[in-house]
Amino acid sequence: LYGVSAYADAAVYAEVVKAIAAGTGIDEAIAKLTYAEGFVSTTILAVAIADAEDLSKDDYTAASWEAFTAAKPIDAAKAALAATAQADVDAAVKALADAKAALVDISALNAAIEAAGKLVEADYTAASWTAANIAAVAEAAKAALTATAQADVDAAVKTIEDAKALLVTVSSLDALSTAIAEAEKLVEADYTAATWAALKAAVDAAKAVVAAPANQAAVDAAAKAIADAKAALINPSALNAAIAEAEKLVE
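Throughout, the working numbering is defined as the position within the sequence shown, counted from one, plus 335.
It is worth saying that the hints were derived from the structure and are not from the lab. Values in this document were obtained by computation on a predicted structure and should not be read as measured data. Be a bit skeptical, because a hint or two may be false.
Claimed, not checked - 27 angstroms max Cα-Cα, derived BS3-like pairs, lysine-lysine: (1) Lys453 - Lys477; (2) Lys367 - Lys435; (3) Lys353 - Lys367.
Generate coordinates for the entire structure from the input sequences, incorporating the hints supplied.
Below is the structure:
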């Protein structure tokens, strides 16, 4: 077993290790490897084996995990640690990576379903809770826990994320209403016409959002628009006073 010194380019070695962990780009990375003359290095294979041994059954569909364990790719990879040709070692790395790639990962879906189940209806506006229908969406997504394709699992995760995006928290909507009220306490005559117009536009837009909030992003954007417009207000009286004070210093 040889370390990084067995490779002509340690950076490429690192690239292969990263590809193994990610489960993508392994073939391309391995193709870039060159070895010091006379060496057969199994370092990357050992990394791949360790990575595979860290996999958890609970993170994958029962069918894909059963297929993975039945094929015994880790045992085959361990046997290749004794190979005398580098090509055989590299082939073992690829075979193990391919077996891992065939697994259908449901960890993100399980997490999304669990998180959806912890949402509290009272935290959200009635309209957005109804629109999101999060409980039904999460229940439907459970069907993908036995999917045979990773794309189907990922799509189920997205349906939950999309539903959650429709939710609007009561607290954020209340905060937006407060921001509108605070902005309306300001006096137009105290500010320049242009900066006041920008604030008024932000407030008017925010009122429309409060009346019919499309989603949380819309509420957050409206609140930010008011805060930004308030921060950009220019009080000409204060500016003139500052200029006068500066002119005194020059005199």
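Does Lys353 pair with Lys367 here, judged by a C-alpha cut-off of 27 angstroms?
Distance of about 14 angstroms is within 27 angstroms: holds.
So if I understand the rule, the pair passes when the alpha-carbon distance is 27 angstroms or less; does Lys367 with Lys435 pass?
Given that 27 angstroms is the threshold and the Cα spacing comes to 21 angstroms, the pair holds.
Would you check the hint for Lys453 and Lys477, treating anything up to 27 angstroms between C-alpha atoms as holding?
holds (16 angstroms)
Of the numbered hints listed earlier, not one is contradicted by the structure.
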